[in-house]
Amino acid sequence: IAYLLTHPSSICAFLKMACQGLAKGETTNTLKAESESLKAKLEEERAKLHDVELHQVAEKIDALGQFVMKTRRTLKGHGNKVLCMDWCRDKRRIVSSSQDGKVIVWDAYTTNKEHAVTMPCTWVMACAYAPSGCAVACGGLDNKCSVYPLSLDKNENLAAKKKSVAMHTNYLSSCSFTNSDMQILTSSGDGTCALWDVESGQLLQSFHGHSADVLSLDLAPSETGNTFVSGGCDKKANVWDMRSGQNVQSFETHESDINNVKYYPSGDAFATGSDDATCRLYDLRADREVAIYSKDSIIFGASSVDFSLSGRLLFAGYNDYTINVWDVLKGTRVAILFGHENRVSTVRVSPDGTAFCSGSWDNTLRIWA
Amino acid sequence: MSNNNASSSSVAVAQKAVKQLRLEAKIRRINVSQAATDLKNFCLQNAHKDPLLVGVPSSDNPFRPPKSCGLL
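Chains G and X, in that order, are what the protein sequence lines are. The opening residue of the first sequence carries number 1 in UniProt numbering; numbering runs sequentially from there. The opening residue of the second sequence carries number 1 in UniProt numbering; numbering runs sequentially from there.
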């Protein structure tokens, strides 16, 4: 300011810039400086409220007893790596997708295959069951998300009724129906997430903010409103407002790709699984990471996570073929489950919480209870 | 002129980043102690309804016992 006051010509130049709009006066350097100072301020504000650790609050709770969880069903039929699975709301049907392009619908009680579709692409990385149980959505290297209505006639060719809904410019990594069969949320290797109308295929909202592939998304439990969380190769987990497309909160504490994100059942927090071999819990109201689930002996990436119904247990599938079960509050591991003969790629608890299903690169799915 | 375009687009990117950070800095936060207590209470209140946590009798769990036509 002193310089400006002693050099009238600069005042003119300055005022000219000011009149042309404040934007012109900001250079990349001043903006970068403001960026850095805002980041520091964010960390400072978050740190001020960091008065205790989650496990300290949980000290007085009884420790969990021994867990006996075994494989109760093995679903065999995929010819290649299982990449994704989802439960139907009827708590017994499951849809799974594989590297070889096959999407299979199973009855998990009997292990019978009820439907099978062959996709026109390999690496079907995403699949989801519609809330009605009448359709499934899937996609992968075709960069699309397609919906297949499930026919009661087992002989009907499902591929004939296929509807292309989403179009990305890179692979589809994850998809999820919202509360109805009418809308689908997708995430992609193109760095974006998007909300689509199933009937028309119209793009309703797009979500920009990740700076690399988005690998996973999860919708907030319906009671908590219209938000979802996404995680990706930029090591960030972002929370989004579905209506405005706005990124409302962002968390960057992982040291590598975030492979999977899942909301805590109350909607106030979410867990992540990452290639840095840790799972973490982030609380949305405290706006920070509140727990890390890790051990020196765990050195392979966590590919998938899900909570038990009460949120007390976190099931995590790893690239070392195991599933670790964590006590979410105390931060300790309560069980290791062996059985798969290759990477565990997906883990999902059933809608009524009686079992969970894991899918693996060993071509099988297992139901544990 | 082309120099101008390149610098104005990087300014635009930087402006976006600053705008986003300002938004994030403004949100209201609560203490970890309060957030953690709420997480703990939710777990404890719902524990009895969590089959994988408390276990259910085999007769109530559709996945146990294993299906009858076994290895034979």
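Hints should not be assumed to be uniformly reliable.
[What the hints assert, rightly or not] List time: in silico EDC-like cross-link candidates among lysine to aspartate or glutamate, alpha-carbon distance up to 16 Å:
id, chain 1, residue 1, chain 2, residue 2
1, X, 19, G, 107
2, X, 16, G, 34
3, X, 16, G, 199
4, X, 40, G, 268
5, G, 163, G, 197
6, G, 76, G, 34
7, G, 81, G, 100
8, X, 19, G, 36
9, X, 40, G, 59
10, G, 76, G, 362
11, X, 26, G, 44
Rather than coming from a laboratory, the hints here were simulated on the basis of the structure.
Against the structure, the hints:
1. 19(X) x 107(G): 49 Å, violated
2. 16(X) x 34(G): Satisfied, since the Cα-Cα distance of roughly 12 Å is no more than 16 Å.
3. 16(X) x 199(G): Since the Cα atoms of residue 16(X) and residue 199(G) sit roughly 34 Å apart, the hinted pair is violated (cutoff 16 Å).
4. 40(X) x 268(G): 12 Å, holds
5. 163(G) x 197(G): 12 Å, holds
6. 76(G) x 34(G): 56 Å, violated
7. 81(G) x 100(G): The given pair, whose Cα atoms are some 7 Å apart, holds under the 16 Å limit.
8. 19(X) x 36(G): 12 Å, holds
9. 40(X) x 59(G): Distance of about 11 Å is within 16 Å: holds.
10. 76(G) x 362(G): Roughly 10 Å separates the two Cα atoms, so the pair holds.
11. 26(X) x 44(G): Cα-Cα ~13 Å, so holds.
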